[in-house]
Amino acid sequence: GQNIDQPTEMTATEGAIVQINCTYQTSGFNGLFWYQQHAGEAPTFLSYNVLDGLEEKGRFSSFLSRSKGYSYLLLKELQMKDSASYLCAVRVAGANNLFFGTGTRLTVIP
Amino acid sequence: GAGVSQSPRYKVAKRGQDVALRCDPISGHVSLFWYQQALGQGPEFLTYFQNEAQLDKSGLPSDRFFAERPEGSVSTLKIQRTQQEDSAVYLCASSFPGLAGGRGNEQFFGPGTRLTVL
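Here the protein sequences come in this chain order: A and H. Under the numbering used here, the first residue of the first sequence carries the number 1, and numbering increases by one thereafter. Under the numbering used here, the first residue of the second sequence carries the number 1001, and numbering increases by one thereafter.
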């Protein structure tokens, strides 16, 4: 089976930087996604990595190391509205669906 | 309607009842996915359609679960003889394979149907 691990909960302060880690062990790899999900709402796309390295998009950055089976999502200048669950998802070779981790619930405090 | 829509948003069923959950994908999206999300967990794959063809149903937990997409657009997920363990949020997602832009054929999710089986 596919195994995707991320911390269950994190807390960070408004204005700070937080890094959410994700490790994966999958049968093949064809891309890693980060989604944001506010309570009771649809997951929304944040980032996509398929090659090693850092992808930066405004306050959000995502990093991938395929050899280590590791990714992180970096959120800068945290705002209260960033309180949400962050889902790490992997697409494996030969499949179209995504395999998700349990999600990391981030709470931003004043 | 620019996004994926799902109905109903909430469904309460008595154990043993049949339910039908509807998904309207983004117009023109070829691929459609159903996921099940238990409380505090990430979504788990149920089934995948490409147009009207159901190409993967390996995630359906039992033969009580059935999905269809007869005309390649709207999809329905049906659960027969519901059980308490079926209580979850059912998410639908759609995508357009081959769309360029470095977003990896991202999947666009609907808001989900929260099913509660009493």
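Just so you know, these hints were derived from the structure itself, not from any lab. Being a predicted model, the structure only gives us computed values, none of them experimental. Wrong hints could be hidden among the right ones.
Said to hold, decoys possible - Pairs of lysine to any residue residues, derived as SDA-like cross-links and limited to a Cα-Cα distance of at most 25 Å, are as follows: (1) A/K76 x A/P110; (2) H/K1078 x A/E41; (3) A/K81 x H/L1039; (4) H/K1057 x H/F1096; (5) A/K68 x H/N1105; (6) H/K1057 x A/T102; (7) A/K81 x A/I17; (8) H/K1011 x H/N1105; (9) A/K68 x A/L54; (10) A/K68 x A/T102; (11) A/K57 x H/R1103; (12) H/K1057 x A/N3; (13) A/K81 x H/K1078; (14) A/K57 x H/A1002; (15) A/K57 x A/S27; (16) H/K1014 x H/S1062; (17) H/K1011 x A/H38; (18) H/K1011 x H/F1096; (19) H/K1011 x A/T44; (20) H/K1014 x H/G1003; (21) H/K1057 x A/A42; (22) A/K68 x A/I109; (23) H/K1011 x A/E41; (24) H/K1011 x A/I17; (25) A/K57 x H/S1062; (26) A/K81 x A/T102; (27) A/K81 x H/S1062; (28) H/K1014 x H/F1096; (29) H/K1057 x A/K57; (30) H/K1078 x A/N3; (31) H/K1057 x H/G1028; (32) H/K1014 x A/G40; (33) H/K1014 x H/R1114; (34) H/K1078 x H/L1060.
Hints numbered earlier in the text: which of these fail when held up against the supplied structure?
8, 13, 15, 18, 20, 22, 24, 25, 27, 28, 29 and 30
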